[in-house]
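Same order as they appear, the protein sequences are chains A and B. All residue numbers for the first sequence refer to the numbering used here, where the first residue is 1 and numbers rise by one. All residue numbers for the second sequence refer to the numbering used here, where the first residue is 1 and numbers rise by one.
Worth flagging that the hints you see were computed from the coordinates, not collected in a lab. There may be inaccurate statements among the hints.
Pairs count within a copy or across copies, as identical chains cannot be separated in the list.
Stated by the list, open to error - Taking lysine-lysine pairs in the DSBU-like style, the calculated list, with each CA pair at most 35 Å apart, reads:
1. K23 to K153
2. K17 to K191
3. K153 to K138
4. K138 to K10
5. K61 to K22
6. K17 to K138
7. K22 to K191
8. K61 to K14
9. K22 to K153
10. K153 to K61
11. K61 to K37
12. K100 to K191
13. K23 to K191
14. K10 to K191
15. K79 to K17
16. K191 to K14
17. K79 to K191
18. K37 to K191
19. K17 to K100
All values reported here derive from a predicted model rather than from experimental measurement.
2 protein chains.
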Amino acid sequence: MAESIRMLSKNTVKFIKSLHQKKFRVQERMFFVEGEKSVVEVLNSDFRLELLVATESFIHKNNRLINSSSAHVIQASQKQLEGLGQYQSNDSALAVVHMKVNSSFDFPEGEFVLGLDEVRDPGNLGTIIRIADWYGIKNLVFSEHTAEFYNPKVIQSTMGSFTRVNFFYADLRRTFQAWNVPVYGAFLDGKNVHELRQVSSGVILMGNESNGISDNIGGFVTDRVTIPGFGQAESLNVAIATAVLCDNFKRLQVQ
Amino acid sequence: MAESIRMLSKNTVKFIKSLHQKKFRVQERMFFVEGEKSVVEVLNSDFRLELLVATESFIHKNNRLINSSSAHVIQASQKQLEGLGQYQSNDSALAVVHMKVNSSFDFPEGEFVLGLDEVRDPGNLGTIIRIADWYGIKNLVFSEHTAEFYNPKVIQSTMGSFTRVNFFYADLRRTFQAWNVPVYGAFLDGKNVHELRQVSSGVILMGNESNGISDNIGGFVTDRVTIPGFGQAESLNVAIATAVLCDNFKRLQVQ
Chain A
1 MAESIRMLSK NTVKFIKSLH QKKFRVQERM FFVEGEKSVV EVLNSDFRLE LLVATESFIH
61 KNNRLINSSS AHVIQASQKQ LEGLGQYQSN DSALAVVHMK VNSSFDFPEG EFVLGLDEVR
121 DPGNLGTIIR IADWYGIKNL VFSEHTAEFY NPKVIQSTMG SFTRVNFFYA DLRRTFQAWN
181 VPVYGAFLDG KNVHELRQVS SGVILMGNES NGISDNIGGF VTDRVTIPGF GQAESLNVAI
241 ATAVLCDNFK RLQVQ
Chain B
1 MAESIRMLSK NTVKFIKSLH QKKFRVQERM FFVEGEKSVV EVLNSDFRLE LLVATESFIH
61 KNNRLINSSS AHVIQASQKQ LEGLGQYQSN DSALAVVHMK VNSSFDFPEG EFVLGLDEVR
121 DPGNLGTIIR IADWYGIKNL VFSEHTAEFY NPKVIQSTMG SFTRVNFFYA DLRRTFQAWN
181 VPVYGAFLDG KNVHELRQVS SGVILMGNES NGISDNIGGF VTDRVTIPGF GQAESLNVAI
241 ATAVLCDNFK RLQVQ
């Protein structure tokens, strides 16, 4: 492998920097991942790597893993790495990775799917993906204007969990109609989730940060659920609410 | 009131800008709050206001509330407001507020207290305060190196909930020794919180973002608890974990 390690060229720098913009990510169908933990996770995943820019010590430490990947390997200094990505500090690696195809899936019987209706903040989306991974929810479906999965802030906030979920963007109404399963929607005036007794599977649906679940999707919600409040805060952040609902549904799930 | 409205002076600008730094907040024992919702909440709270810098329309809309406060009122433009605080956009108000005294309290019988051991990120602390308020947990105790309550990012992330909680910074070991109540500590290898049966009151203790609960506090934990994972994520963010634990404890609480 050592023979094929290249040095960082101006064109490569320009190419990687272009991937900070959605326009170029969509055009190239590639995105980037940075930091030791996330890059190791993506090397271990079924994502296909195009480029791996890494420090000598990262290359040395992960030699076997890198050899088994398809990536072109480029050695760079910490300073060079920090000029490529979004991290203030990066002494390990940055990978350029091919996107997966946005293909829908059938409803996975006996499981929960997490649905997001217009969650716009990349940090929230990333945190939600990490939560889904914690709770073993492997499948997610997003409305078309939900934040972009491959946004660097989303990828960063997932802490590597982006490698372990399936997802697609779609018209949620059509998807829910086709699936014909229970859709548990998070509302401020639904049934207290602590009073639910048994659940087996279905969609857990979360809405937009400001407006909640949109009216045109609300009609497809079969069960409106609410996290009980005991104090005076008006709401919970959508990622926080997702975690609390997933925790309750997994606790109540009858296999 | 209208007679006493002043214009923004250079000295006031300088004073408010100094409050971005902890050093000056500590020296003056004041902090600032910005944005319509939070400023209205602080006007409605028992915090004592020193200054209220606000747009004409905010002053007009909240006239009665402002008249009942002790604040010196200064009228300013949106642009001036945006130059004072941390918000990119602020068309309403910024308040300079006196800190409360850091006084300890006795353990509130029959309730939960949230304890934080070295939670360092201001956004996490603010989100945790909002969660405590949602779950009706009014009392919090922080280790001495937990993030500063009056940091502008903390205040902002609480979404107004900072007005509704009591807190103090202390040596947690001494505090827990004096209180002599159950301390439920969040660990990755504790008892599954879904399997707890009944709880009545005690401390819910969360640890540092990277290192969890420190060893020297661990000895004061009476019950190690864990959020069950069903997937492969290694951990949950501390604010997310706080919400899930509070949700479980409030669900299980026997009055």
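Q. Are the CA atoms of K17 and K100 at most 35 Å apart within a copy, between copies, both, or neither?
A. Within. Shortest intra-copy distance 20 Å satisfies the 35 Å Cα cut-off; inter-copy 47 Å does not.
Q: Have a look at K23 and K153 and pick one of within, between, both or neither, based on CA distance no larger than 35 Å.
A: both (16 Å within a copy, 32 Å between copies)
Q: At 35 Å max between alpha carbons, let me know whether K22 reaches K153 within a copy, between copies, both or neither.
A: both (12 Å within a copy, 28 Å between copies)
Q.
Within, between, both or neither: how does the pair K17, K191 come out at a Cα-Cα threshold of 35 Å?
A. Close neither inside one copy (47 Å) nor across copies (46 Å); limit 35 Å.
Q) At most 35 Å between C-alpha atoms: does K22 with K191 qualify within a copy, between copies, both, or neither? A) neither (39 Å within a copy, 44 Å between copies)
Q. For K10 vs K191, is the C-alpha pair at or below 35 Å within one copy, between two copies, both, or neither?
A. Classified as neither; 57 Å inside a copy, 54 Å across copies.
Q.
Please sort K17 with K138 into within, between, both or neither, judging by C-alpha distance up to 35 Å.
A. within (31 Å within a copy, 47 Å between copies)
**Q.** Within, between, both or neither, where K100 and K191 count as close if Cα-Cα is 35 Å or less
**A.** For K100 and K191, the Cα distance exceeds 35 Å both inside one copy (37 Å) and across copies (38 Å).
Q. How do K61 and K14 come out at 35 Å by Cα distance, when the copy is not named: within, between, both, or neither?
A. Cα proximity of K61 and K14: one copy only (27 Å, versus 51 Å across).
Q) With identical chains treated as interchangeable, where does the CA-CA distance between K61 and K22 reach 35 Å or less: within a copy, between copies, both, or neither? A) within (32 Å within a copy, 41 Å between copies)
Q) Taking 35 Å as the upper bound on the Cα-Cα distance, should K79 and K17 be classified as within, between, both, or neither? A) both (15 Å within a copy, 33 Å between copies)
Q: Classify it for me, K37 with K191: is the Cα-Cα distance of at most 35 Å met within a copy, between copies, both or neither?
A: between (40 Å within a copy, 28 Å between copies)
Hint compliance for this structure: hints 2, 4, 7, 12, 13, 14, 16 and 17 are broken, all remaining hints hold.
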